[in-house]
Structure formats: C-alpha cells, structure tokens
Amino acid sequence: SQKIEQNSEALNIQEGKTATLTCNYTNYSPAYLQWYRQDPGRGPVFLLLIRENEKEKRKERLKVTFDTTLKQSLFHITASQPADSATYLCATRGAGNMLTFGGGTRLMVKP
Amino acid sequence: SAVISQKPSRDICQRGTSLTIQCQVDSQVTMMFWYRQQPGQSLTLIATANQGSEATYESGFVIDKFPISRPNLTFSTLTVSNMSPEDSSIYLCSVFSGRVSGANVLTFGAGSRLTVL
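Quick note, the sequences are listed as chains A and B, same order.
To get this note's numbering, take the position in the first sequence, counting from 1, and add 15.
To get this note's numbering, take the position in the second sequence, counting from 1, and add 3.
It is possible that some hints are incorrect.
Said to hold, decoys possible - Covered by chain B, per the in silico footprint, the following chain A stretches (three or more residues, Cβ under 8 Å):
hint : segment
1    : 36–50
2    : 54–67
3    : 87–97
Claimed, not checked - Okay, derived cross-link-like pairs now, EDC-like style, lysine to aspartate or glutamate, Cα gap no bigger than 20 Å in a straight line:
hint : chain 1 : residue 1 : chain 2 : residue 2
4    : B       : LYS10     : A       : ASP54
5    : A       : LYS86     : A       : ASP99
6    : A       : LYS125    : A       : GLU30
7    : A       : LYS18     : B       : GLU57
8    : A       : LYS125    : A       : GLU71
9    : A       : LYS86     : A       : GLU71
Because the hints were derived from the structure by calculation, they are not lab data.
Built from N, CA and C at the ideal position, the CB exists for glycine as well.
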C-alpha cells in the first residue's frame with residue numbers, strides 16, 4: 016500500500032526566508048497529493064492539492080511541486096512569517112480510496 | 004465547508020474505563036471519519052461511520068474496542084472502551100468538505116485529546 020514519508024525533524028528558519036518541506040511517496044505515483052496545516056490543539060486544515068499531471072500549484076505565498084521521477088512533492092512558503100509556524104501534513108489516496116497521511120513536519124519560523 | 008464540533012476537547016481517564024467522544028457537523032453528510040493521532044505520529048483512520056449501517060473499520064481496529072454510533076446525518080460518537088495508557092491519543096472526527104480538482108478533501112474537528120492514567 017502507499018506510504019507517505021515526511022521529515023520528522025522540525026524545520027527552523029528565519030522570518031522572511033523560504034521554507035521548503037518534503038513529502039516522499041514509496042510506491043505507485045498517486046493521482047494527487049494534498050497538503051494540510053495543523054496547529055497545536057486543532058485539526059488539520061486543507062491548504063493545497065496538486066495532481067500528478069501538474070508540476071506546480073500556487074496559492075498566495077504557498078507553492079507545491081510534484082516530481083514523479085523523484086516520487087516527491089515539495090511544499091514552499093515564501094517570505095515566511097512566525098504565524099506560519101505549524102505542522103504541515105502531506106496526504107494522498109490510500110487503500111479503499113481513503114486519505115493516508117504522512118507524519119508531518121513541524122515548521123518553526125523565528126522572528 | 005462544514006463546521007465540526009467535538010466533545011470533549013480533552014479528558015483524563017482511568018485505566019479500564021470507557022469514554023465516548025461526540026462529533027456534530029453543521030450540515031448533513033453521508034460519511035463521517037474517525038482518526039487517531041498518537042503523540043508525534045501521523046493520522047491513522049480508525050473507521051468510517053455511515054448513517055443507517057455498521058461502521059467500516061480499518062485493519063487493526065475492532066468494534067469491541069471502538070464502537071461507533073451514527074444515529075443521523077449530522078452526528079456520530081466514538082467510544083474508546085476499556086482504556087489503557089496506549090490509548091492516549093488525539094481522536095479526530097472528519098468529513099469530506101468538497102472536491103478540489105476532482106479529489107475529495109477533508110475538514111476536521113479540533114480533536115479530543117485523551118490521556119489514560
């Protein structure tokens with residue numbers, strides 16, 4: 016079955032820099048990848064979806080890429096702000112057409 | 004998108020007891036999903052709750068341990084039975100909130116953080 020892997024180590028960056036988070040999948044190329052944001056004490060919130068045939072998707076300061084050769088999606092936050100500090104989760108369709116999630120990467124943006 | 008309310012938001016429970024978590028959605032939905040998020044871990048789907056039929060459980064989860072009710076199209080409960088410290092987790096309710104580029108996306112409740120002593 017499909018497995019989603021994200022860097023479990025926290026990413027610490029300085030305010031104003033670009034944060035780049037990685038999501039790797041292990042098996043077949045998924046039809047799409049979804050990115051969610053989760054703040055402490057809250058449920059995940061959907062941010063962006065990129066389909067297999069799309070190389071890049073943007074939404075304001077967010078950009079997602081999909082590289083089927085590397086079996087990887089990159090999630091970029093440009094001009095990062097302390098308010099961007101959160102855990103970011105990658106997800107795709109798994110068994111039974113349900114979403115399967117990666118472990119998430121915690122982002123800390125320092126002022 | 005749908006708004007989901009979960010109760011309780013957190014609780015501390017004694018080993019061997021059971022706790023029921025409630026999930027209320029502000030609109031009618033066909034399927035409601037229960038996820039578990041153990042400390043530092045990913046979200047794991049426990050079961051899908053369908054109105055008018057038995058819940059569908061994922062591998063590793065059984066009805067005796069996690070009984071689910073779905074009395075109508077806006078409400079579901081998840082019970083964590085005979086709790087042990089290993090059940091300490093965040094339990095999240097979610098629903099499909101729409102489609103983006105042809106794919107279903109999820110909306111989640113705030114979660115219920117259970118600590119079992």
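Which numbered hints does this structure break? 3, 5, 7, 8
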